[in-house]
Amino acid sequence: MYMDVNGHKTYAYTGGKDFNPAQRTVVLIHGVLCDHSVWALQSRYLANHGWNVLAIDLPGHCKSAGVPPATVQEATAFIQALLDTQGVKQAALVGHSFGSLIALQTAANMGERISHLAMVGTAYPMKVSQALLDASLNEPEKALHMTNVFSRATLAPPSGAGSWVFGASLALGRRVLASNKQVNVFHTGFNACNNYDQGLQAMAAVTCPVLMVLGEADQMTLPKNALPLIAQAKESGVSLQVVTISHGHHQMTESPDETLNALKRFLIGV
Amino acid sequence: MTGYADPHFDTLALHAGSQPDPATGARAVPIHLTTSYVFESTDQAAALFNLESAGHVYSRISNPTTAVFEQRIAALEGGIGAIATASGQAALHLSIATLMGAGSHIVSSSALYGGSHNLLHYTLRRFGIETTFVKPGDIEAWRSAIRPNTKLLFGESVGNPGLDVLDIPTISQIAHDNGVPLLVDATLSTPYLIKPLSLGADLVYHSATKFLSGHGTVIGGVVVDSGSFDWEASGKFPELSEPYEGFHNMVFTEESTVGAFLLRARREGLRDFGACLSPHSAWLILQGMETLPLRMERHLANTEKVVAFLAAHPMVSRVGHPLMPDHPSHALAQKLLKGGARGAGSVFSFDIKGSRMQGRAFIEALKIFSHLANVGDSKSLVIHPASTTHFRMSDQALAQAGIGAGTIRLSVGLEDADDLIDDLKRALKAAEKTADKAA
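These protein sequences, in sequence, are chains A and B. When we follow our numbering, the leftmost residue of the first sequence carries the number 1, and every step to the right adds one. When we follow our numbering, the leftmost residue of the second sequence carries the number 1, and every step to the right adds one.
Chain B extracted, bound-state conformation (with noise of 0.2 Å):
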C-alpha cells in the first residue's frame, strides 16, 4: 500500500506526527516555548494529573513541539513511540535507570563513543551498576558475559569510530533468550541506514545532535521503544510490572501491554531526573529530520569517494570502513545496512603512515575538515580520538575499541567531494613533507 495512510520514509521525514497548526493554520510545526499549559478547568487539570486526558500540562514531562519530534523519530524508526531528551547521552541514562537500579548489570559492547563508554565504566559502577564489556563480533562473549541480575544488552549500530557493525538479529536473541532487552545506539546510522527495531532490538536511541538534527546547532536525544520486550513475561523488571508508589501506585505493564517502558520513563524518569529537551531544540532537529533521506545519500556518496582516495594513497595505512573488503564488518554490513557497505555511513577512520607529529601536521593543514568534536554536520569534519572523544580510555580499551595512536577520524559532509579530496590530499601532503623535514 502507499500514500497518506501508509506513506514511506521520506514522507514521513516530512510530516509525521505533524499537521498544519488548527489554530493558526501554521504549516510549518509551530515552536511552543512554554513551561506550562492553562487548564480549561478543574476537571481537565485533574484529568490530566491522571492520565486520563491526553494533554500537555508541563514541559519537562511533554511539549506540543517536542511531541512531533517524538512521533516523527518514532514512525522513522517503526517504534510505538519515543521520549525526547537534552542529549544522547541523556537518552540513554533514562533507559538505563528506568530499567535498573544498584545490584544491576549491562553487557555492552566495547566499540563505544567513549561518552558512553564513561557513562558505563565510571559513572554507573558509582551507582551499583556494572558493565561487563565484550568485543561486538565475539558472539560467545555476548552470550558468556550475561549473569542472574544482567538487565541489559548494549551496542552501537555501528561502533564509533571503527564501524564495527553490531549482529543485531544474533545479539538481541542472545538478550531475548535470557529474558532481557536488547538497547542500540543507532546515531551514526539513523534509520535511514538501518532499523534496529525491524532486526530485533528493543530500545533503540539517538543522539539527535548528529545526523538527525544534521546541522551542528543542537544538542539533543531521544529513546524509541518498539513495545516488542514482554516486560511482565521476563520477570526480571519489577520497576514495569509491580505498582510503582512513586505514581499512584501504577503498574506500567497493566496500564500499557505496549508501552510500559515510555510511561514510566516519561512519568518517572523526565519528571525526576528532568533531562528534558527543550522544544526550540525539537524544532531544529525537526527541520533537520525533514531532509535526512536527502542528505544522508548525499553523505554516504561523498564517502565513497573519499574513501576510495583514502585507500588508494601511499601516506595511508588503513582505511576502517565497511567498504574496504578486508574490514571485519564488511559482509554483516553488506547484510543489514541500506545498501550494503555503503551504508555503514560517513565517520570511519583511518591510519596515517609516520609518526604522531605527522598525525598533528595533517590535522593542522586541513581547510575545509573543520577540527573539532562532533560527528554527523552538514560540514566535514575531523579528530583524532586518541586525544580527544576517547582520551580517558586505556591503551588495551583503545585496542578494543579498534582506535590506534595515530587514528584520524572523519565525519564527510556535504561539500563538493572534489574538494573534500582536494582538501585531503594537501594535507597528507603536509604530513609526508613533516617527515622530510624530522629526517
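Only chain A is shown next, with the shape it has when bound in the complex (with noise of 0.2 Å):
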C-alpha cells in the first residue's frame, strides 16, 4: 500500500491484507541496499495472524520516494511519522541490520508506542570497514559482492524451491541502488550504520521486550558484536530473548522458518 509520510510517497508491504486499524501493527525495517521484499514470507504469516503489517521501503529506496535517511535519528523520526500518519498508537518494530538501529531508536524515543523490539542481524557498534565504504561508493558492483559474500552461510539455502538466494541478493542490491538516481543509498546506509553511536543509550531507554536473532555463520554483524547492547538490554532489566541460528547475515531468506518462528515465540507466543 502506498501512504504519504512528510508529503513523501511510500510504500509499505501488508503481507496481502488491507489496514485494518482495529489489529495490531508490526513494522520491519530492511537493510542497506535491501527493500520490503526481504520480509515476504515473515509479512504474509504475521498479516495471516490478526497483525497490520506494514514492510516499508524506506525513503529513496525502490518505491518510496522522499530522501534517504543518512543517519539512523533520520530514520527514526520517518519511522515515528509513519506510525502518526497511519494513526498507530502502538507497534511492534522489527528490523534487520541497518533496519535493527532504526528499531532500537525508535523503541527509545517513542517509549510505550512501542509494543516489541526485534532485532535481527544485530550488532553494536555496527561498524563497517574502510575498504567496504570506501568501495560502496567508488565501487558499488565490488562492495555488493564483497556484502553478499561475508552475508552468505550455506550453498545450499533451505528455499523449498529453486531460489538462489546470492543471487538474488546481488539481484536486489542492484534494483534497489539503481532506485535512486540522485543518492547512492548503499554507501549513504552504510555510513549512517558506522556512524551510529547511541546504542547503548537508546537500548537503555528501551521500556519494551527485546528479541535478538544472531545468525551464528554472519560475518557482516558478528554475534559477538551483539553483546553489550544484550549487556545492556540485561542490566536495564527488560524482558530479553536471543535467539542463535545457523545460518548467516541472510536470515530472513536463508533462514526463514528458523527467523519467522522466533518472530511468533516473541510477538505471538506461538
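Read the hints as simulated data drawn from the structure, not as lab findings. Treat the hints with care, since some could be wrong.
Simulated DEER-style distance windows between Cβ atoms [stated by the list, open to error]:
(1) B/Val57 / A/Lys181: 37 to 43 Å
(2) B/His248 / A/Pro21: 18 to 24 Å
(3) A/Pro21 / B/Arg147: 19 to 25 Å
Computed footprint of chain B on chain A; a stretch qualifies when at least three of its residues, placed anywhere within it, have a C-beta under 8 Å from a C-beta of chain B [to be verified]:
(4) 44-53
(5) 162-169
All residues carry an ideal CB built from backbone N, CA and C; glycine is no exception.
The task is to assemble the complex, starting from two chains supplied on their own in separate frames and drawing on the hints.
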C-alpha cells in the first residue's frame, strides 16, 4: 500500500491484507540495499495471523520517494511519522541490520508506543570497514559482491523451491541502488550504520520486550558484536530473548522458518 | 575472493544447492520420489499454502531433489533462481505463457532449433501469439520488427545448427529500450561457455537433455531468471504487476521485487500447465552437471580437431563453425564466448560436396557417430537436418536458418579424437565412392 509520509509517497508491503486500524501493527524495517521484499514470508504469516504488516521501503528506496535517511536518527523520525500518519497508537518493530538500529532508536524515542523490539542480524557498534565504505561509494558492484559473500553462510539454503539466495541478494542490491539516481543509498546506509553512536543509550531507554535474532555464521554483524547491546538490555531489566540460528546475515531468506519461528514466539507467543 | 563463501564455477557445479542430507548423512543428493509431503500440523499446512513458509507441498510445484538442480543452474548462470521443467520446450512455453497471452507478439531470431520454430510459428499463433522472425545478425531487423504489443525478444546463444552467435549485449539493449525482456536459449553453449544474463539477457533457458545432463539419458529443461528486468516499470506486464485473482490476488512484483517472474511461473505455470520435471530426471541431470566443466573442455578439444580435419578434406565444401575465419560469427564468437571461437561448442554443421545420395552414404557409413535426433551427448552424434529436425521448415525458412539440403550436423562427443576422425574419414570415402558408382 502507498501512504503519504512527510509529503512523500511511501510504500509498505502489507502481506496481502488491507490495513485494519482495529488490529495490532508490526513495522518491518529492511537493511542497507534491501527493500520490503526481504520480509515476504514473515510478512505473509503475520498478516494472516491478525497483524497489520507495514514492511516498508525506506525513503528513497525502490517504491518509496523522499530523501534516503543519512543517519539512524533521520530514519527514526521517518518511522515515527509513518506511525503517526497511519494513526497507529502502538506498534511492534522488527528491523534487520541497519533496520535493527532504526528500530532500536525508535523504540527508545517512542516509549510505550512500541510494544516489541525485534533486532535481526544486529550489532553495536555496527562498524563498517573503510574498505567496504570506500567500495560502496566508488565500486558499488564490488562492494555488493563483498557484502553478499560476507552475508552468505551456505551453498544450500533450504529455499523449498529453486531460489538462489546469493543471486537474489545481488539482483535486489542492484535494483535498490538503481532506484535512486540522486543518492548512493548503499554508501549512505553504510555510513549511517558506521556513524551511529547512541546504541547503548537507546537500549537503556527501551522499555518494551526485546528479541535479538543472531546468525551463528554471520560475517557482517558477528554475533559477538551484539554482546554490548545484550549486556545493556540485561542491565536495563527489560524482557530479553536471544535466538541464535545456524546461518549467516541473510537470516530472512537463508533461514526463513527459523527467523519466523523466533518472531512468532516473541510477538504471538506460539 | 574465493573459497566456500565465494566459489568458482567448477565448485558450484558440484556443490551449489546441496549439502549432506541432514536426515541420513547421504553425501549424494537423495532422489525424493514422492508426490507430496506430510504436514507437521494444520498451521504448517496453511503456512505452506499461504507462502508463509518455504517448504514443499506437491511435487508438481516443487520437490527437494529438483530444487537442488534449480539452485545449481541458477548459481552457474548467475541468476536469482530457476524453474525446472519436463523438457526444454516446456521451459520455452512456460516462459512465454507466463509473460503474455493472446494479442501479444514476439520477435525471434530465425536461427532456431526446429522445435522452437514450430512452437512460435505454428502452435502459439493458434493461441493468438504472433512471432516475427529476423536474422540474428541483422540488428536493424530486430529494431524494426518490434510492435506496440511486442512482449519478448528471443534467440539462441549460438543458433542451431549454423552457430550464429547472438549479439546479446546489442539485442538486450534493443529489448530494454523498448521495455521488453530478452530470453536466450543457451542449450548449446551452457553456462560454461557463455552467461547470457551477465551480458544483458533477462531470462535464459536450457534443454537440460543436452550438455547439462550430457549422457543422452534424460529429457528435461529449466528457465533461469536474472531478476534484473523491472516488470512494473515496463508497464507491459500486467500478469506480474497487477493482482492475480488465481492466486490470492497476489501482485507478484510487490511480493518479490526481483523474483516476480519465477513466482508466477511456478504458482500458475507449473500448477496449471503442469510440465514439471521428475525428481529422478533432476537427479540424472545433477549427475551430469557435476562434470560439466570437464566434459565441455573435452567436447571443445575434440571439436577443434574434427573441424581442422574437415576443413582440409577435399570432399567438404563448407565447415560451419565459428573457428573458421570466414564464419559470419567468427568475430562475435571471439568477443563473447569463453576461449573465443572454440567456445561456440561442439554442435556444428558442414556440407559434403556432391549429391543428396552421397550425403546418405556418408551417414550410413559412420560407425562411431550415431545417427539420431539429439545433440550434447557424451557420444558423438550425426543427423541430416533438412530431412529430420528441421523438416517442417520451407526451403526459404531453411535457407534463412543457414541450412542447405546437403548439410550434415555433428555433435562431437567425448571419444578419442583420432577415432572420430578415422570414422569421418571412412564415411567421406564412402560418399566419394558413391559418386564414382553414380558416374
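Inset, instruction - Take the stretch 162-169 of chain A, compare each residue's beta carbon with every beta carbon of chain B, and decide whether three or more fall closer than 8 Å. - result: holds (count 6)
Inset, instruction - Evaluate the given range 18 to 24 Å for the C-beta pair formed by B/His248 and A/Pro21. - result: holds, 23 Å
Inset, instruction - Three residues minimum, CB to CB under 8 Å: does the stretch 44-53 of chain A make the cut for coverage by chain B? Let me know. - result: holds (count 3)
Inset, instruction - Confirm or reject the claim that A/Pro21 and B/Arg147 have a C-beta distance inside 19 to 25 Å. - result: violated, 47 Å
Inset, instruction - Could you see if the CB distance from B/Val57 to A/Lys181 stays within 37 to 43 Å? - result: holds, 42 Å
Hint violations for this structure: number 3 only, all remaining hints satisfied.
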